[in-house]
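2 protein chains.
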Amino acid sequence: MFADRYIESVIKTKSHLCVGLDPDLKKYPTYILKQAEEEYGRTPEGAASAILRFNKVIIDLIYDKVPAIKPQLAYYEKYDSFGLDAFWKTVEYAQSKGMIVIADAKRGDIGDTSNAYAETFFKTLDKESWESKLSVDAVTVNPYLGSDGLNPFIKLGAEKNKGTIILVKTSNLSSGEIQDNVIEGKNQTVSELVCDYINNNIKQVGKYGYSDIAAVIGATYPEELKKFRTILSKSLFLVPGLGYQGGSIEDIKYAFDENGLGAILTSSRAINYAYKDINSSEEEVKIAILNKVIEDNNAINTMLEKENKIIW
Amino acid sequence: MFADRYIESVIKTKSHLCVGLDPDLKKYPTYILKQAEEEYGRTPEGAASAILRFNKVIIDLIYDKVPAIKPQLAYYEKYDSFGLDAFWKTVEYAQSKGMIVIADAKRGDIGDTSNAYAETFFKTLDKESWESKLSVDAVTVNPYLGSDGLNPFIKLGAEKNKGTIILVKTSNLSSGEIQDNVIEGKNQTVSELVCDYINNNIKQVGKYGYSDIAAVIGATYPEELKKFRTILSKSLFLVPGLGYQGGSIEDIKYAFDENGLGAILTSSRAINYAYKDINSSEEEVKIAILNKVIEDNNAINTMLEKENKIIW
Numbered sequence: 001m002f003a004d005r006y007i008e009s010v011i012k013t014k015s016h017l018c019v020g021l022d023p024d025l026k027k028y029p030t031y032i033l034k035q036a037e038e039e040y041g042r043t044p045e046g047a048a049s050a051i052l053r054f055n056k057v058i059i060d061l062i063y064d065k066v067p068a069i070k071p072q073l074a075y076y077e078k079y080d081s082f083g084l085d086a087f088w089k090t091v092e093y094a095q096s097k098g099m100i101v102i103a104d105a106k107r108g109d110i111g112d113t114s115n116a117y118a119e120t121f122f123k124t125l126d127k128e129s130w131e132s133k134l135s136v137d138a139v140t141v142n143p144y145l146g147s148d149g150l151n152p153f154i155k156l157g158a159e160k161n162k163g164t165i166i167l168v169k170t171s172n173l174s175s176g177e178i179q180d181n182v183i184e185g186k187n188q189t190v191s192e193l194v195c196d197y198i199n200n201n202i203k204q205v206g207k208y209g210y211s212d213i214a215a216v217i218g219a220t221y222p223e224e225l226k227k228f229r230t231i232l233s234k235s236l237f238l239v240p241g242l243g244y245q246g247g248s249i250e251d252i253k254y255a256f257d258e259n260g261l262g263a264i265l266t267s268s269r270a271i272n273y274a275y276k277d278i279n280s281s282e283e284e285v286k287i288a289i290l291n292k293v294i295e296d297n298n299a300i301n302t303m304l305e306k307e308n309k310i311i312w
Numbered sequence: 001m002f003a004d005r006y007i008e009s010v011i012k013t014k015s016h017l018c019v020g021l022d023p024d025l026k027k028y029p030t031y032i033l034k035q036a037e038e039e040y041g042r043t044p045e046g047a048a049s050a051i052l053r054f055n056k057v058i059i060d061l062i063y064d065k066v067p068a069i070k071p072q073l074a075y076y077e078k079y080d081s082f083g084l085d086a087f088w089k090t091v092e093y094a095q096s097k098g099m100i101v102i103a104d105a106k107r108g109d110i111g112d113t114s115n116a117y118a119e120t121f122f123k124t125l126d127k128e129s130w131e132s133k134l135s136v137d138a139v140t141v142n143p144y145l146g147s148d149g150l151n152p153f154i155k156l157g158a159e160k161n162k163g164t165i166i167l168v169k170t171s172n173l174s175s176g177e178i179q180d181n182v183i184e185g186k187n188q189t190v191s192e193l194v195c196d197y198i199n200n201n202i203k204q205v206g207k208y209g210y211s212d213i214a215a216v217i218g219a220t221y222p223e224e225l226k227k228f229r230t231i232l233s234k235s236l237f238l239v240p241g242l243g244y245q246g247g248s249i250e251d252i253k254y255a256f257d258e259n260g261l262g263a264i265l266t267s268s269r270a271i272n273y274a275y276k277d278i279n280s281s282e283e284e285v286k287i288a289i290l291n292k293v294i295e296d297n298n299a300i301n302t303m304l305e306k307e308n309k310i311i312w
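These protein sequences, in sequence, are chains A and B. Quick note on UniProt numbering: the first sequence kicks off at 1 and runs consecutively. Quick note on UniProt numbering: the second sequence kicks off at 1 and runs consecutively.
Honestly, the hints are just simulated from the structure, not real lab data. Since we're looking at a predicted model, the values are computed, not measured. Some clues are possibly wrong.
For identical chains, the list gives no copy identity; a pair is met inside one copy or between any two copies.
[Said to hold, decoys possible] With a straight-line Cα cutoff of 30 Å, these simulated BS3-like cross-link-like pairs (lysine-lysine) come out:
hint: 1; residue 1: K226; residue 2: K207
hint: 2; residue 1: K155; residue 2: K56
hint: 3; residue 1: K123; residue 2: K56
hint: 4; residue 1: K227; residue 2: K123
hint: 5; residue 1: K14; residue 2: K127
So that you can see chain A by itself, here it is in the shape it has in the complex:
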């Protein structure tokens, strides 16, 4: 199961941190861009080459210090097929280093099309198919189309031991515009309706009590985190918003269960671009990223120690 694989990776690395890989070339180190530009010019191919190279730098620094990476598809698709190639090569590289990979894709469509998306990220491995063997460990999905847009991910996920991470309460400022509305006659918000779907579809939990149907709950709404931790007792929470988006270490303590499990804490830009200056040397860039990851791990683990919630 995805949930077990994730938690075992947490215990092995003694970390709850999932590093988002959101390539933004405007913030990239000059030494990386310069080489890509010399080789390919300012082209999508050049961008993809810089992205893959920098992702490998980051993965080499963090693979034994955090359980997972979370590449965000938008930043790869921006460079067309070259970008998507860099995405899949990043997935392959991270998995070869033993990391869990969560594709932040937020896909969702009508049934047949959601099925094609599920196959994109999980793959059928059907001998008759034309697909590659590249797959991620989990993918984020959007519930706006209702159950027939979600079911294909959960169904294929159950077959392939992959995680489906459903948007419940997102980290952004305007997340409440749709998600926080209370439904007439139901005494439930839209987000809570999505929780019902999740709970009703959990058929199996792993050895730590968690299912492969997880939820996205933003770190920027600590009160919500507390509420949803109670409602969704069998779901891992992917918690974006730490760092750059303003969520604090104190805020995210509610994402954990009584054993110190259940939270996939993501931080992207604050780690990817931890160096002060894009003209920093290769060595300075690496030290800044590494220090930021160690600092975040320490801050999270210190908070959990205070709460008596260290699992390892």
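Got chain A; can you put chain B on it based on the hints?
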């Protein structure tokens, strides 16, 4: 503007039909698959080669008979970067033939990431950027994350004359699970809330009275079509569900305004796989697709004639 370009293409082709291109290799003609397999084997590269070839066959048949195509990203991404390359080459080929291209991507994310998706589909054409010049004419987006997930598409769309097509009421069976709920204290459904966002963000309409912010409203819910046509008087409707999904020609008449404009009627599989047998000859395949497009155009236009709503 996208809206004007689309309507001019409707008038030029005397058609309201937008042909979805949803490659499903299991339904592909044998003669297409055989050649791809001989050249590349059953690989993602082979799949992409078959997809691009068959898409070109379809585009060559329809480019002067319908205004637009709507490739659905899931079916391309399934074959990783090769598939995405086939997607963009399809976009380029259709545009070279004068067609409008709508990317059915249903993207939506937090602000910065939605901005990267907007740039993926619309491109900045910034001289300093590493991106290609490939762009679509419009893209479908998902409103679950609220306004800061939608604004980047609308903002870049306004700059680049591109359309943003927001999911309001989707065509699938379970669409009502989230979308039809009435919000407490607002006397509005979730879908209607999305309509408010659309209306509040329309700053410009083109010469036919339509803005570049459009809405997805499924053909499978005719009563909803009628209601939303009144609420969203300045928005084109992308209406999926004709044909394979069960929407009838009669059902979709409510998508049109009093002048016979306003509806982008999509049909995908019923056209793509109009031939009876995958072993049909090249000629039989082409005739079946062509006949289905002509038949659909005639059915739509006959319905509009009865209503006195022919614009050309």
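Right, here's what the structure says about each hint:
1. K226 x K207: within (23 Å within a copy, 51 Å between copies)
2. K155 x K56: Neither. Shortest intra-copy (32 Å) and inter-copy (34 Å) distances fail the 30 Å Cα cut-off.
3. K123 x K56: Answer is both: 24 Å inside a copy and 26 Å across each meet the 30 Å cutoff.
4. K227 x K123: The answer is neither: 34 Å in one copy and 40 Å across copies each exceed 30 Å.
5. K14 x K127: This pair counts as neither: shortest intra-copy Cα distance 38 Å, inter-copy 45 Å.
Violation of the numbered hints given earlier is confined to hints 2, 4 and 5; the remaining hints are satisfied by the structure.
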